[in-house]
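Taking the hints into account, I'd like the entire structure generated from these sequences.
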Amino acid sequence: MTEYAQIADARLRKLGEAEFEIKSCMQRIEELENVAQCCGSLNIADKVQNSVTGNKMEDAVVELLEEQERLRTLAGEWVKIKKSVLAEMEPLPPLYRELLLRRYCYREKCEDTANELDYSESHLRLLRRKALEQLGENIKKNTQTGQEESGNGPD
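Residues 3 to 157 in the numbering used here are what the sequence shown lists, from first letter to last.
Some hints here could point you the wrong way.
[As the list claims (entries may be wrong)] Result set (SDA-like, lysine to any residue): computed pairs, CA atoms no more than 20 Å apart in a straight line: (1) 85 - 146; (2) 82 - 15; (3) 84 - 117; (4) 132 - 122; (5) 142 - 83; (6) 82 - 141; (7) 82 - 99; (8) 25 - 80; (9) 111 - 11; (10) 85 - 19; (11) 16 - 79; (12) 16 - 107; (13) 85 - 98; (14) 16 - 122; (15) 85 - 4; (16) 16 - 88; (17) 142 - 15; (18) 142 - 86; (19) 16 - 4; (20) 142 - 89; (21) 84 - 8; (22) 85 - 68; (23) 132 - 110; (24) 16 - 83; (25) 85 - 99; (26) 132 - 98; (27) 143 - 21; (28) 85 - 141; (29) 142 - 4; (30) 82 - 147.
[As the list claims (entries may be wrong)] Cβ-Cβ distance ranges computed for the label pairs, FRET-style: (31) 12 - 108: 14 to 22 Å; (32) 112 - 25: 17 to 25 Å; (33) 12 - 122: 23 to 31 Å.
What the hints contain is simulated information worked out from the structure, not anything from laboratory work. Even glycine gets a Cβ: it sits at the ideal position worked out from N, Cα and C.
What follows is the structure, encoded as structure tokens:
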């Protein structure tokens with residue numbers, strides 16, 4: 003893989019990783035909500051007699067609030083990354099954008115995408131490599147332009 007393709011691949015993988023983190027966080031929130039509901043549905047007399055249940059509920063609620071805050075942070079970061087990546091992909095031909103989105107965002111297998119678009123897998127891989135190469139060039143160009151505008155460019 004060329005330098006440009008590696009840059010694009012790393013950028014797109016970061017987007018996928020952020021998406022995975024959000025899904026994991028949402029699952030954890032759901033688990034904590036279930037724990038809090040279970041503890042909350044116990045009889046009041048049971049809660050008084052069993053302080054362990056009360057602690058579990060308090061712990062679950064505290065952890066739930068922490069996970070919700072983490073989710074908000076992750077979602078904000080993900081939105082920034084996605085907007086940036088989509089802007090960097092804008093100059094690409096529509097087919098290249100579609101191939102990269104299917105691979106990195108929708109996690110489609112090469113075989114499925116090839117069948118759906120009526121390409122051979124080898125041709126699809128070639129197109130995807132070209133798409134990565136072109137996206138990497140765009141990212142590198144945008145990074146250099148941003149550095150020059152901010153005065154942080156090479157001396």
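For the pair supplied as a hint, residue 132 and residue 98, is the alpha-carbon distance within the 20 Å limit? Given that 20 Å is the threshold and the Cα spacing comes to 8 Å, the pair holds.
Is the hinted pair residue 16 and residue 79 satisfied, with a Cα-Cα distance of at most 20 Å? At roughly 11 Å apart (the allowed maximum being 20 Å), residue 79 and residue 16 satisfy the hint.
Hinted pair residue 85 and residue 98, Cα distance within 20 Å: holds (17 Å)
Does the alpha-carbon distance linking residue 16 and residue 88 stay inside the 20 Å limit? Roughly 13 Å between the alpha carbons, so the hint for residue 16 and residue 88 holds.
Regarding the pair residue 111 and residue 11, is the alpha-carbon distance no greater than 20 Å? Given that 20 Å is the threshold and the Cα spacing comes to 16 Å, the pair holds.
Could you grab the alpha-carbon distance between residue 16 and residue 107 and see if it respects the 20 Å cut-off? holds (10 Å)
Please work out if residue 82 and residue 147 have their alpha carbons no farther apart than 20 Å. Given that 20 Å is the threshold and the Cα spacing comes to 19 Å, the pair holds.
Hint consistency between residue 142 and residue 89 [alpha-carbon to alpha-carbon, up to 20 Å]: holds (13 Å)
Is residue 142 within 20 Å of residue 86, Cα to Cα? holds (13 Å)
Assess, step by step, whether the Cα of residue 143 is no farther than 20 Å from the Cα of residue 21, and give holds or violated. violated (26 Å)
Residue 16 paired with residue 122 [C-alpha distance capped at 20 Å]: The given pair, whose Cα atoms are some 28 Å apart, is violated under the 20 Å limit.
Given the hint that residue 16 pairs with residue 83, does the C-alpha gap stay at or below 20 Å? Status holds; Cα separation ~8 Å.
Hint compliance for this structure: hints 3, 14, 15, 22, 27 are broken, all remaining hints hold.
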